[in-house]
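K.L.:
If you read the protein sequences in the order shown, they are chains A and B.
Residues in the first sequence are numbered from 2 upward in steps of one, following the numbering used here.
Residues in the second sequence are numbered from 2 upward in steps of one, following the numbering used here.
Treat the hints with care, as some may be off.
Same chains, same label: a pair holds when it works inside one copy or across any pair of copies.
20 angstroms max Cα-Cα, derived PhoX-like pairs, lysine-lysine [claimed, not checked]:
1. K297 x K141
2. K343 x K253
3. K256 x K357
4. K73 x K365
5. K199 x K167
6. K315 x K337
7. K118 x K143
No lab work stands behind these hints: they were computed from the structure.
Chain by chain, the residues:
Number of protein chains: 2
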Amino acid sequence: MGWPSGWAEVCRTLHAGSIPAPISMTSEYLRKTKHMINLNPLQTGGLLTAAARRMLMEWGDGYSICDFCRGKLDEIRNPPIYEFVHHDLPEFIGADIVRLTNGAREGIFTIMHAVTKPGDTIVVDENAHYSTFVAAERAKLKIQKIANSGYPKYIIDIQAYEHVIKALEKQKIKVKLLIITYPDGNYGNLPDVRLLSKIAANYDIPLIINAAYAIGRMPVNVNDIGADFIVASGHKSMASAGPIGFIGMKKKWEKTLLRISQFFKNKEIEMLGCTARGPSLLTMMASFRHVRERVKHWNNQIEKAQWFSREMGKIEIRQLGEKPHMHDVMFFESEKLYEISKHHKNGAFYLYHEFKKNNIWGIKPGLTKYFKLSTFTATREELATVIDTFKSLVSSRSRLTG
Amino acid sequence: MGWPSGWAEVCRTLHAGSIPAPISMTSEYLRKTKHMINLNPLQTGGLLTAAARRMLMEWGDGYSICDFCRGKLDEIRNPPIYEFVHHDLPEFIGADIVRLTNGAREGIFTIMHAVTKPGDTIVVDENAHYSTFVAAERAKLKIQKIANSGYPKYIIDIQAYEHVIKALEKQKIKVKLLIITYPDGNYGNLPDVRLLSKIAANYDIPLIINAAYAIGRMPVNVNDIGADFIVASGHKSMASAGPIGFIGMKKKWEKTLLRISQFFKNKEIEMLGCTARGPSLLTMMASFRHVRERVKHWNNQIEKAQWFSREMGKIEIRQLGEKPHMHDVMFFESEKLYEISKHHKNGAFYLYHEFKKNNIWGIKPGLTKYFKLSTFTATREELATVIDTFKSLVSSRSRLTG
Chain A
2 MGWPSGWAEV CRTLHAGSIP APISMTSEYL RKTKHMINLN PLQTGGLLTA AARRMLMEWG
62 DGYSICDFCR GKLDEIRNPP IYEFVHHDLP EFIGADIVRL TNGAREGIFT IMHAVTKPGD
122 TIVVDENAHY STFVAAERAK LKIQKIANSG YPKYIIDIQA YEHVIKALEK QKIKVKLLII
182 TYPDGNYGNL PDVRLLSKIA ANYDIPLIIN AAYAIGRMPV NVNDIGADFI VASGHKSMAS
242 AGPIGFIGMK KKWEKTLLRI SQFFKNKEIE MLGCTARGPS LLTMMASFRH VRERVKHWNN
302 QIEKAQWFSR EMGKIEIRQL GEKPHMHDVM FFESEKLYEI SKHHKNGAFY LYHEFKKNNI
362 WGIKPGLTKY FKLSTFTATR EELATVIDTF KSLVSSRSRL TG
Chain B
2 MGWPSGWAEV CRTLHAGSIP APISMTSEYL RKTKHMINLN PLQTGGLLTA AARRMLMEWG
62 DGYSICDFCR GKLDEIRNPP IYEFVHHDLP EFIGADIVRL TNGAREGIFT IMHAVTKPGD
122 TIVVDENAHY STFVAAERAK LKIQKIANSG YPKYIIDIQA YEHVIKALEK QKIKVKLLII
182 TYPDGNYGNL PDVRLLSKIA ANYDIPLIIN AAYAIGRMPV NVNDIGADFI VASGHKSMAS
242 AGPIGFIGMK KKWEKTLLRI SQFFKNKEIE MLGCTARGPS LLTMMASFRH VRERVKHWNN
302 QIEKAQWFSR EMGKIEIRQL GEKPHMHDVM FFESEKLYEI SKHHKNGAFY LYHEFKKNNI
362 WGIKPGLTKY FKLSTFTATR EELATVIDTF KSLVSSRSRL TG
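Given these sequences and hints, build the entire structure.
P.N.:
Right, dumping it as structure tokens:
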């Protein structure tokens, strides 16, 4: 008998204990997520739907979808990947063409790599995700940064893009790419991407919108906005198991971004043939109807976020960034909570521990004065619990020092 | 109440039918894998372990591991990613340093991008996976191909690498990178990588071994072999949900491949900060003890493959590639099966349909004269069923034409 001999034997062998339990199989590494209130901006938009979980079980094995492939992953008809990539997603975000990627950052690098040359100059907003700067370094680009307005709103002034383009023109430098983050993942600010699209068009410079925190949460139509490229993240905002994302683009970029291998007529060079070739794609597909539906309720999300921001303000925990706020990702400042940390036995980690007691997660351990959170997944009821927890911390401090 | 409001509500909403069932939720798209005999070379090494399936359920949500991160994914201690990436994997493949990637092809592109410049010349074996050529095109490299020996063995002559290096030297062209596929995914041939490592060292040219079909199936020690780089695939050979893989390298390449962002001191540029940041990593970790154990039984796999090859030979289905064969991936030729297809009502697809009846999967639909398969997962008992099916097809043909 050969070994291993398939699935059943693997189960038996593992259960019989003849192979030591894998390191991450011990109970301490199992993730407990039931009944938790999750405020982690990285996670609230990526929680799987029931349908996606089912897909994970069905399609979890390695290259599970590739036996349906005739050479191009996005042309597989059953499961309906073709329909999803060439019909559903373009319609959903109003793009001419969509291609899957291993995530938003990979999408941004792919576009940079396809439309620029090493040494080119690009313009990026200061609020961009760190990986946008790292992707530019990988593509060997010179970065001109658009500073935000600083405390307390951290707003990106879109006109500054035009000033930088003009200033560089005077130095005989042609800007080759513009990037804007919509919204950023710290303050949840939503810059004026329509205006930037007009500027980009006027100067004939391609524009990427990083919509990792937008697509799948709020309505976005890239052709309405007018941008050349947009990138999305499945694991950040489309209820998908990562890593997965996609690029939406105007048809005019097809030949540049989707150029074909000289050796293999159905393989796109920038995609290395194919990208998200695993169960991540099936989860994004399985969650899609839910995601498409939830963006229609974005107004409720905004109302919830604004209500939360107001309630926090009442206990002197101040929301920074744009106000009234238009996104579930928010940044807060609290002098009071910071003061408590100076005297608390758990120091700067007391906030994390107090929240943990109430099964509230997602505020980074060690933060008290400035922290971010997302109200996307939590109900108003759950958010009331969060506010009450903050209240009790603040009032205990009042007792302490009152 | 905000909408959506968490996991429970999503389940209720989906089950209540107020959102239409996602396209891939209909039963026809559910994958039935129970009791099937899987011979698909892309899949046999990627079938998940029970532990990995459990991890998929626990860690399936989007960025589920990132709340444990202090800025560098591979330094997360709980779950023990640090131990896995910096201790277990390097020890497993005998490499100085390991870094995660989104797959073997992404690993190859990353190395190409880090160690070469556009216009550089590299040498690649003809048996390489298509994505190696596409990655070279993406990195804008000139490719010198080492032809295989052709029918029937398709062997890569390692000495030919040296001839090409010397011939190019005479034209004042310095080869910048060598790549060899070990084994290739068509014939399952295992070229002499030790000899190639010596040639690479003599000419001071870095060497990449693409071990997507080796690491996780058979013992591999890259420092023993002497190569600079090796790439592995989790979804192809390490019982992992894709996409995931890793690079093993010599310490001397650390500064080139893992150079750090000038803006973020814990972000590696070529990795865009981090790569396999999802449940794929947890599945690779969960399967690791099993995978480490199974490579110790590689001799049984070779014996099983050679037995299968002999049995197929007895019914005139001839194994091409190296013989005696040293890998579970094999390429077969059958004039008889091809002759049948000419007269069969299902034409070239009859083989696929006949196998489907017996729940045998993995031979590409439409192939009869030449096809590949893998004996890795099937037991001898199951393979006997496969051989019997071939036998009955061949004998029915004898009746037809006898």
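K.L.:
Determine for every hint whether it applies to the structure shown.
P.N.:
Going down the list of hints, with the structure as the test:
1. K297 x K141: neither (40 angstroms within a copy, 44 angstroms between copies)
2. K343 x K253: Intra 57 angstroms, inter 45 angstroms, cutoff 20 angstroms: neither.
3. K256 x K357: Classified as neither; 51 angstroms inside a copy, 40 angstroms across copies.
4. K73 x K365: between (41 angstroms within a copy, 15 angstroms between copies)
5. K199 x K167: The answer is within: 15 angstroms in one copy meets 20 angstroms, while 55 angstroms across copies does not.
6. K315 x K337: Result: close within a single copy only, 13 angstroms intra versus 83 angstroms inter.
7. K118 x K143: Both, since 10 angstroms and 18 angstroms are each at most 20 angstroms.
The structure fails hints 1, 2 and 3 (numbered hints given earlier, in ascending order).
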